[in-house]
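J.: For reference, the chains in residue letters:
2 protein chains.
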Amino acid sequence: METKILSGKKVANFLKSNLKEKISELKNDGIVPGLAVILVGDNPASKIYVNSKTNACSKLGIFSKTLIYSDDTSEKKILEVIDGLNNDKTIDGILVQMPLPSHIDESKIINRILPKKDVDGFHPINVGKLVIGEDAFVSCTPAGIIEILKYYKISTEGKHVVIVGRSNIVGKPMLNLLYQKSEFGNATVTICHSRTKNLEEITKLADILIVATGRAEMITADMVKNGVVIVDVGINRIEDSTKKKGYRLVGDVDFEGVKEKASAITPVPGGVGPMTITMLMMNTYKSSLRKK
Amino acid sequence: METKILSGKKVANFLKSNLKEKISELKNDGIVPGLAVILVGDNPASKIYVNSKTNACSKLGIFSKTLIYSDDTSEKKILEVIDGLNNDKTIDGILVQMPLPSHIDESKIINRILPKKDVDGFHPINVGKLVIGEDAFVSCTPAGIIEILKYYKISTEGKHVVIVGRSNIVGKPMLNLLYQKSEFGNATVTICHSRTKNLEEITKLADILIVATGRAEMITADMVKNGVVIVDVGINRIEDSTKKKGYRLVGDVDFEGVKEKASAITPVPGGVGPMTITMLMMNTYKSSLRKK
Chain A
108 METKILSGKK VANFLKSNLK EKISELKNDG IVPGLAVILV GDNPASKIYV
158 NSKTNACSKL GIFSKTLIYS DDTSEKKILE VIDGLNNDKT IDGILVQMPL
208 PSHIDESKII NRILPKKDVD GFHPINVGKL VIGEDAFVSC TPAGIIEILK
258 YYKISTEGKH VVIVGRSNIV GKPMLNLLYQ KSEFGNATVT ICHSRTKNLE
308 EITKLADILI VATGRAEMIT ADMVKNGVVI VDVGINRIED STKKKGYRLV
358 GDVDFEGVKE KASAITPVPG GVGPMTITML MMNTYKSSLR KK
Chain B
108 METKILSGKK VANFLKSNLK EKISELKNDG IVPGLAVILV GDNPASKIYV
158 NSKTNACSKL GIFSKTLIYS DDTSEKKILE VIDGLNNDKT IDGILVQMPL
208 PSHIDESKII NRILPKKDVD GFHPINVGKL VIGEDAFVSC TPAGIIEILK
258 YYKISTEGKH VVIVGRSNIV GKPMLNLLYQ KSEFGNATVT ICHSRTKNLE
308 EITKLADILI VATGRAEMIT ADMVKNGVVI VDVGINRIED STKKKGYRLV
358 GDVDFEGVKE KASAITPVPG GVGPMTITML MMNTYKSSLR KK
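Line order of the protein sequences matches chains A and B.
The opening residue of the first sequence carries number 108 in our numbering; numbering runs sequentially from there.
The opening residue of the second sequence carries number 108 in our numbering; numbering runs sequentially from there.
None of these hints come from the bench; they were simulated from the model.
Hints are supplied without guarantee of correctness; some may be wrong.
It does not matter which identical chain is used: a pair holds within one copy or between any two.
Computed list of lysine-lysine pairs in DSS-like fashion (alpha-carbon distance at most 30 Å, straight line) [stated by the list, open to error]:
hint: 1; residue 1: LYS351; residue 2: LYS196
hint: 2; residue 1: LYS260; residue 2: LYS304
hint: 3; residue 1: LYS399; residue 2: LYS183
Given the structure is predicted, the values throughout are model-derived calculations rather than measurements.
Isolated chain A (complex conformation) (with noise of 0.2 Å):
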């Protein structure tokens, strides 16, 4: 049996270029989708993670604005600095950069974000309203994932989909996505955290299987069936002494000794991580719409 590789590199290019026509197309009725991000302190991979955004954004015609404060920032200055960005005609999308600095509520900060600016989904207004089946901002992850299996024409119909990690951010979204009435949806879907007990008995009943755990390489060959669809959220550094950095990226899923069971996987890198910061720019883009 083939594995086949499911890249989503492959999809989230596919997605920009539709995105980047659809963007251009907006101009004609004067309107230019504006993300600002929100950067708090100076933490080197948060501060990848803003390049990356805004470099995406001025990719496809979207504008971006990037505020940058140092760490002893107050909350309330950031909460006004939010106020000010929800009263903004030419902003479509605020984002702050987490994690934040321990002196100031990241949920007090989610909060405030007005819902129909919150492009990442993590508002309870937003969570909720997936939840119930209603039209929202989801998680950009959680639904990066969604448009890999469409891409890839992988039914979730009736299918039993196993999670394993239960954050705000990937597990819980994804699990309240995989159960609606949808086209995407419709799945069996169990889900699985630190405290489950003889997790290798569930992961084995997984036709798809979805990892998000942070823990390097976590999900072994034993532990899958055969044809299995693997999609590995998983960003790890581990030590490797053969490569320049001196690291080697892993995901939470043992890639190579599970290759061999699943009838399709995702890769580390260029698989689930390409597509987060794609669905942000839909998720921008789908916001500026209100302006129409």
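Chain B: place on chain A using the hints.
T.: Below, chain B without anything else, positioned relative to chain A:
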């Protein structure tokens, strides 16, 4: 093995007796919890539900106000009524009895209720907060099921809970409660529904099986494993000429058959049913504490 009967009636009485005392103590602070119930049209079942709710209020010392409108009342009118109750200081909880006549958009009505007075836990912001793990009003039936498990000391930690049914009122909030990092959470949870294939293969895995489908006696003994804990949310009428009324009430589970294999089971009636109104009373009390 003796099968434990999980009497929701008993748990409800226990909780209500505590609650009555707490509400009585609130009087020292000059606080009387208040619940407003809106009924549109004359659906006989809805009338019975509304009566049960207001009766429960009066027994516990909660002020209640029932507003009954004819079924040709406009959506606009109901929205105005909600606005009034949102601003009414004597009212801590607002409940709109479902279903509404078809010319009224249920989600519009629910979204108009102030989240802090949404004692049914149906507003997207309460649903979202529950998912994220923040303090929220939780839909009464799932909240009541957690109370039954607590009362009978049935731990969910690391257990495999299977839920059959994906309604906004029961299945979805039940799912999102049970995987949370909390004392009666931390379960591995699977959600099944009408599109699930091989349902009996999934239900057989359950340590705890929660059924809310509205399909009479659909879960039979061959679909569960020995020692399972069964929570039956269904209340269905089936014809029975031996009864005076010509029908009897049964759950979604074939009680007599399944009882032999279950270690514990909720009966119908007297199981989950009595908990729903009790949790509504608890939520209304909780809401009134804002006034302290």
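J.: As a check of your reading, is LYS260 near LYS304 (CA-CA no more than 30 Å) within one copy, between copies, both or neither?
T.: For LYS260 and LYS304, only the inter-copy Cα distance (19 Å) is at most 30 Å; the intra-copy one is 32 Å.
J.: At 30 Å max between alpha carbons, let me know whether LYS399 reaches LYS183 within a copy, between copies, both or neither.
T.: between (33 Å within a copy, 27 Å between copies)
J.: As a check of your reading, is LYS351 near LYS196 (CA-CA no more than 30 Å) within one copy, between copies, both or neither?
T.: neither (46 Å within a copy, 67 Å between copies)
In the structure shown, a violation is registered for the earlier hint numbered 1 alone.
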